[in-house]
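There are 2 protein chains.
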Amino acid sequence: MPKIVNHDQRRELLAEAAWRVIRREGLEGVSVRRVAEEAGMSLGSLRHYFVTQSELLAFSMQMVSDRVNQRIMKLAFNGNPRHDIEIVIRELMPLDEERRAEAEVWLAFSVRAQVDAALKELSQEVHGSLYDGFRKMIDMLVKMKLTPEDIDAEQETKRLHALVDGLVVHCVLNPERLDSDEIWRIVMYHLDRIIVNR
Amino acid sequence: MPKIVNHDQRRELLAEAAWRVIRREGLEGVSVRRVAEEAGMSLGSLRHYFVTQSELLAFSMQMVSDRVNQRIMKLAFNGNPRHDIEIVIRELMPLDEERRAEAEVWLAFSVRAQVDAALKELSQEVHGSLYDGFRKMIDMLVKMKLTPEDIDAEQETKRLHALVDGLVVHCVLNPERLDSDEIWRIVMYHLDRIIVNR
Numbered sequence: 001m002p003k004i005v006n007h008d009q010r011r012e013l014l015a016e017a018a019w020r021v022i023r024r025e026g027l028e029g030v031s032v033r034r035v036a037e038e039a040g041m042s043l044g045s046l047r048h049y050f051v052t053q054s055e056l057l058a059f060s061m062q063m064v065s066d067r068v069n070q071r072i073m074k075l076a077f078n079g080n081p082r083h084d085i086e087i088v089i090r091e092l093m094p095l096d097e098e099r100r101a102e103a104e105v106w107l108a109f110s111v112r113a114q115v116d117a118a119l120k121e122l123s124q125e126v127h128g129s130l131y132d133g134f135r136k137m138i139d140m141l142v143k144m145k146l147t148p149e150d151i152d153a154e155q156e157t158k159r160l161h162a163l164v165d166g167l168v169v170h171c172v173l174n175p176e177r178l179d180s181d182e183i184w185r186i187v188m189y190h191l192d193r194i195i196v197n198r
Numbered sequence: 001m002p003k004i005v006n007h008d009q010r011r012e013l014l015a016e017a018a019w020r021v022i023r024r025e026g027l028e029g030v031s032v033r034r035v036a037e038e039a040g041m042s043l044g045s046l047r048h049y050f051v052t053q054s055e056l057l058a059f060s061m062q063m064v065s066d067r068v069n070q071r072i073m074k075l076a077f078n079g080n081p082r083h084d085i086e087i088v089i090r091e092l093m094p095l096d097e098e099r100r101a102e103a104e105v106w107l108a109f110s111v112r113a114q115v116d117a118a119l120k121e122l123s124q125e126v127h128g129s130l131y132d133g134f135r136k137m138i139d140m141l142v143k144m145k146l147t148p149e150d151i152d153a154e155q156e157t158k159r160l161h162a163l164v165d166g167l168v169v170h171c172v173l174n175p176e177r178l179d180s181d182e183i184w185r186i187v188m189y190h191l192d193r194i195i196v197n198r
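Protein chains in written order, with full-length UniProt numbering: chain A, 1 to 198; chain B, 1 to 198.
Where hints are given, some of them may not hold.
Computed list of lysine-lysine pairs in DSBU-like fashion (alpha-carbon distance at most 30 Å, straight line) [what the hints assert, rightly or not]: (1) A:Lys120 x B:Lys120; (2) B:Lys145 x A:Lys145; (3) B:Lys136 x B:Lys74; (4) A:Lys136 x A:Lys120; (5) B:Lys143 x B:Lys74; (6) B:Lys145 x B:Lys74.
Don't read these hints as lab results, they were simulated from the structure.
Looking at chain A on its own, in the form it has when it is part of the complex (with noise of 0.2 Å):
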C-alpha cells in the first residue's frame, strides 16, 4: 500500500527540509527551488503547498514556535513552583539535537524579521507570549512569597526573559564556549537567586 501523507504532513516536511537548508547553508540559502530539492520533490510539487517563498518561510518560522508550545502543553506539572518553572525553561533551550535545530533557525528567522514583515509579525507575537509565560512565573512565585522582598515583579520576568534568550543566543553562537549543560547550570544559578524561602 502506498504511503499515505496528507496535505499538513507534507507542508512540514517542506519546512524542516527549509530548517536542514538554513542550518547549513544560512538563510541566504534558501530558495524555493533549494528547498524542494531537498525534500526530494519536484518545484512544481512544492508550489502546490506553497505558493512563494514567503509563505514557505513564514511556515517553517511559525512550525517552530508550534513545536515548542505543543511540547510545553504536554508538560506533566506537579505544582512544585521550581520544578514547573524548569521544566518549562527547558523547552526553550538547545538542551538537545532537537531544542538545537530549533533555536539556531529561530534566530536565523528573527534576524530575517527585521527586513521581512510577515515575520516581524511573528517574531513580536511571539516575544510576546513569551514574556507573558515568564511574567507568570514570577507572579505565581511572588504570590507564594517565594522571591526576595524587594523585587520589582516587571523587570524581574524582562530580567529572566533576556537571560534565557542570551544563553541560548550564546549556546547557538558559541557551543565551543558555552555548552548546553553549562547554560542550563546558569538557569539554574539563577533560579538559585530568584527563588528563596523567607
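Once you have looked at the hints, place chain B on chain A.
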C-alpha cells in the same frame, strides 16, 4: 584643493555602506556591486580596496568591534567600581543610534558566522574578550567585597554576559517592546543585586 581620503578611510567608508545595506535589506542583500553603488563608487574602485565579498564582510564585522573598543579605551574611569562597570556596559548596548547600528549589524554578522569560517573566528574571538571583560568586573567586585557572599565568579560572569547580550538582542529585534531606556533599567536592576555593601 581635492579632498584627500586615504586607503584606510576609504575602506571604512565602504564598510559603513555595507552596514547601511545590511540594516535596510538584510545581510543577504550585500553584494560587492550593491555596496559599491551604496558608497557611490564603481565596482572597479571597490575591488581596489576589497578583492572579494568575503574580505569586505570580514572587515565590516571587525569594524564594529574596533569602534566599540576605541570608545572603551577613551572612557574616563574614576575608580568607583559601579560607575566604571556602568560606563563600559553602556558602550556595548544599543542606547543611541550609533550603538544601535553596531548592534544590528553585529547580530546579522554573528548569525552569518554560523556558515562563514572567517566571520566565525572573529565572533569567537569577540565572545572571548567580552567574557574576559565581564570577568574582570566581577573579580574586582569580589576583591573589594562588594558582592553577596555566596556568589560564584564564573557563573556570575556568564550570567551578566548573557543578560547584556540578551537585552541587546531583544532591543534590536523588538524595539517596540523593549526600548533603550528599558534595557538600561534592567542592567541597573541587575547591578543593584550583584553589587552590595556588606
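These are the hints, each one checked on the structure:
The hinted pair formed by A:Lys120 and B:Lys120 meets the criterion: a straight-line CA distance of about 26 Å does not exceed 30 Å. This hinted pair checks out: B:Lys145 and A:Lys145 have alpha carbons roughly 29 Å apart, not beyond 30 Å. The straight-line distance between the Cα atoms of B:Lys136 and B:Lys74 is roughly 18 Å, inside the 30 Å bound, and the hint therefore holds. Taking the CA atoms of A:Lys136 and A:Lys120, the gap is about 24 Å. The hint holds against a cut of 30 Å.
Between the alpha carbons of B:Lys143 and B:Lys74 the distance comes to roughly 25 Å, so the proposed pair stays at or under 30 Å and holds. The hinted pair formed by B:Lys145 and B:Lys74 meets the criterion: a straight-line CA distance of about 27 Å does not exceed 30 Å.
Taken one by one, the earlier hints all hold for this structure without exception.
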